[in-house]
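Protein chains: 2
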Amino acid sequence: MEFRRIAKDPGCGARLGKIVTPHGDVRTPAFMPVGTQGTVKALLPEQIRSLEADIILGNTYHLYLRPGHRLIAALGGLHRFMNWPHPILTDSGGFQIYSLGALRRIAEEGVTFQSHIDGSTHFLSPETVVEIQETLGSDIMMCLDECIAYPATREEVERALARTARWGERCKKTHNNPEQALFGIIQGGVYPDLRRRGAEEMSSIGFDGYAIGGLSVGEPKALMLENLAATAPLLPEERPRYLMGVGTPEDLVEAVFHGIDMFDCVMPTRSARNGLLFTNGEKVVIKNARYREDGSPVDSECDCYTCQNYSRAYLRHLYVSGEILAMVLNTIHNLRHYLRLMERIREAIREGRYPDFRNRFLRERTAGAVEGGADAVTGER
Amino acid sequence: MEFRRIAKDPGCGARLGKIVTPHGDVRTPAFMPVGTQGTVKALLPEQIRSLEADIILGNTYHLYLRPGHRLIAALGGLHRFMNWPHPILTDSGGFQIYSLGALRRIAEEGVTFQSHIDGSTHFLSPETVVEIQETLGSDIMMCLDECIAYPATREEVERALARTARWGERCKKTHNNPEQALFGIIQGGVYPDLRRRGAEEMSSIGFDGYAIGGLSVGEPKALMLENLAATAPLLPEERPRYLMGVGTPEDLVEAVFHGIDMFDCVMPTRSARNGLLFTNGEKVVIKNARYREDGSPVDSECDCYTCQNYSRAYLRHLYVSGEILAMVLNTIHNLRHYLRLMERIREAIREGRYPDFRNRFLRERTAGAVEGGADAVTGER
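These protein sequence lines are chains H and A, in that order.
End of the first sequence sits at 381 in this note's numbering; the numbers just go up one at a time, nothing left out.
End of the second sequence sits at 381 in this note's numbering; the numbers just go up one at a time, nothing left out.
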C-alpha cells in the first residue's frame, strides 16, 4: 500500500490524497460504506461502485464467526466471495468484542468471547486477528485494540491504552503479507494527554496507517472533537489517518478539517433502512404523513438514482408497505449523499478553500437541524 | 391493444404472438412478474427489464387501499409512480377479495369488505373496479369476477359463474378508455361443462382478451389441467388467453400446450424470498448445510447475474445471515429462470417442435423432482 499526498489545505489540517492498493486506488478523504457480513446491506457491488465508493469495510469478527475465514479463502478470498474487486478494509473486531459486554473476557493473551449467533466460545488474540485478516485477503487490516466504554476512569483508560500498544506490537510482528497494509489504532478515551501518548507509542511501532478508535462511543460531541483535534495532528504526516465509526456529515467535515483521511460509519446505511434520509437541508423521515402526496424527490439537489427516478410519495408507500425495495432505494440515496459530500470535500481541499467550505457547511446544517428537529417532536419518526 | 398471432404449433394448441400496447410489446407466451404493491418485490425496474420481462402485474385491490389510485393518478399514473415505463396488467382484486374470507360480503351490486391493513370498510363493484384501473392507467385491465373456494358444489359454482358473466357485462359497459384493454375472466370451478358455458358467455360479451380464473385454488393438479384443457380451446382464437395465478414451470409448459398465452404467479418471487431456487434439475434449498462450501453457481446453465457472479456458498451465507441482498439475488435468479423458460417455449413454438419440447421438459422435471424431494424429507427447508 502506498499513500500519495496530493494537496494540503493551507488554512487547516485537511489533506487530499490517494491510497494505492492491489485492488485499486482510494481517493482521500474517503468514506467507506460498511459491509459487515460480506455485503453492504441491500446493495449489489455494482450499485455501490456506481455511487463512487472506492473502498468498503468488512468485519473480521463477523466473517470469522460466519461463514468463516477459511471458507472464504477456499472460495477465492473476500473480494471474490462477495464480488467486490475493489479495495476492502477489514476491521479487527475489537469494537464488536467490546460491544459483547458480559459475553467476553479480556486478558493479556487475548479475548475469550461467546458468539452472538450460537453462544459458542472463541478466542482471538492480536496474532490470530492478523492471521484471519490475511486469510480473508483484505487490502487494509486493523490491529486488535482494547476499546473500553465511556465513561471510564483515567486508570482504566491508561491500562487499555498500554495493552493496545502491546497488542499492536504483536500484530506488527505477525503481519506477513506485504500485499496487505496494517493500521494501528490509537485509544486513550477522552483524555487528550493519553491520546497523545497513544499516538506516540503507535507511531514508534510504525504502521502503514493510523486509526483513532474509541471515540463516538457515547461521549459528548464536544469531547469527541476535542480528543480528535488533540490526536490527529500527532499522527505521522505521510500515513493515512482513519477515524473509526464516525459519524454524521458534520462530524466528517469537522474531522477532515483536523486532518482525517478515512471514515466508516453505519449511519447512512442503517438510517436508510429506518427510513431516515439525508438531504442538504432537513432530514426526511420518509414515513411521515406529510410526504404522502409529495411528488418531489427526496433531495432535488441529489444526483442519485433514487432522486432521479422516484418521488417521496413512492418511497413513503414502499416504506409503510414494508417493501424490500424501500431499503434498496433509501440506501442508494443515503450512501450517495455521503459519497457526494466526500467529493465536495475533496474539491474544496484541492481548491484550497476548505476552512470556508467547512464554515458554510456547518452553518447551513445547524440551520437545517432546527427544522428537522420538529419531526422528532411530533413523534412521527 | 392489438394481438398479433405469429405462429401456431401444428401439433398442439401452442401459439406464438405479440401483444401491442401503448407502453410497448409483449412477446407471448409471456410470464408476468407480480408487482402487487407497485413493486416487484426486491427488484429495481431496470433489473426486471434486464431479465427480459415485457410486462408486469399490479394489483387493483392493494393499490386502491394503499397508497390509493387517485394519489397514483395525481403523480402521473402507475407507470410513472413505480418507474416502469413498459406494459402493466392490473388484476381486478377479485381473487384478493375472495381470499379475505369472513372479511367480505358479496352481493349482486358488488363486494363489501374490510381492509386487511386497517379494518376499514370498502365497497367495490364491477363499475368501480374498472374506474380504478382506468385511474391507475394500466395497459390491460381485468373484470371483477366472483372467485369461489375449492371444493364447491355445482350449484355454488353455477351461481358464481352467472354473476361473473353479469359483472363482466357491467365492466364492459363501464370501460371507457380505448388506450386500455379489458379482459374477461372465465370461472366454472372444476366442472368442465360450466367452464365451457363461462367461455361462451364471456366470448359473446366480447373482450380484448380472456382469462381463466379460479384454478390453482387448492384443487388436484389433474383437475386443474383437465379444466384448463376443456376451457382454453373454446376461447376466441384471435384474442390472448391468460391463465391467472399459475404456476410451476411444469404448469406453464402444459398450459402453453393447450393454447395459453399469458401467466402470472408469485411462485418465482415468493420462493426466492424463502430461499428456494429453481434450476433445470432439482430445486436448491439454499439454506441447506450441503451448500455451505459449494463454490458453484445455483445453476451452471443459467445466464442470470446471480449465477454469473456468486456461489451457492455466498448465497447461503447471505440467506442464513438474514441479509436483504439474499432476497435481491435470489429473486433475480428465479425470475430469470421463469423468463428464460418462456424464451425457450417461444423458440420451440417458432420452430414447430412444441410437443417434443413439452414431452422432454416434463420427463426431465419429473426425474429432477424425485431428487429434489429428498430435501423436504430432511426437513431442512
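Hints may contain errors.
[Claimed, not checked] Listed next, the in silico EDC-like pairs over lysine to aspartate or glutamate satisfying Cα-Cα at most 16 Å (straight line): (1) Lys18(A) <-> Glu301(A); (2) Lys41(H) <-> Glu323(A); (3) Lys41(A) <-> Glu323(H); (4) Lys283(A) <-> Glu301(A).
[Said to hold, decoys possible] One side only, chain H facing chain A, incomplete, derived with CB under 8 Å: (5) Thr39; (6) Pro67; (7) Leu71; (8) Leu75; (9) Ser120; (10) Arg197.
No wet-lab data here; the hints were simulated from the structure.
As the structure is a computational prediction, the values presented were derived from the model and not from experiment.
Idealized CB from N, CA, C, for every residue including glycine.
Evaluation of the provided hints:
Using a Cα cut-off of 16 Å, the hinted pair Lys18(A) and Glu301(A) is violated, with the two alpha carbons roughly 27 Å apart. For the suggested pair Lys41(H) and Glu323(A), the alpha carbons sit about 7 Å apart, so the restraint of at most 16 Å is met. For the hint pairing Lys41(A) with Glu323(H), the CA-to-CA distance comes to about 7 Å; that is within 16 Å, so the pair holds. Restraint check: the Cα-Cα separation between Lys283(A) and Glu301(A) comes to about 14 Å, which is no more than 16 Å; the hinted pair holds.
The interface hint given for Thr39(H) holds, since its Cβ lies 5 Å from the closest Cβ of chain A, which is under the 8 Å cut-off. The interface hint given for Pro67(H) is met, as the beta carbon of that residue sits about 4 Å from the closest beta carbon of chain A, less than 8 Å. With its C-beta approaching chain A no nearer than about 6 Å, Leu71(H) sits inside the 8 Å limit, and its interface hint holds. Annotation: interface hint on Leu75(H) holds; nearest CB of chain A at approximately 5 Å, less than 8 Å.
Among the interface hints, the one on Ser120(H) is violated; its C-beta lies about 15 Å from the nearest C-beta in chain A, farther than the 8 Å criterion. Hint on Arg197(H) is violated. Least Cβ distance to chain A is approximately 39 Å, over the 8 Å limit.
Hint check: violations occur at hints 1, 9 and 10; the rest are consistent with the structure.
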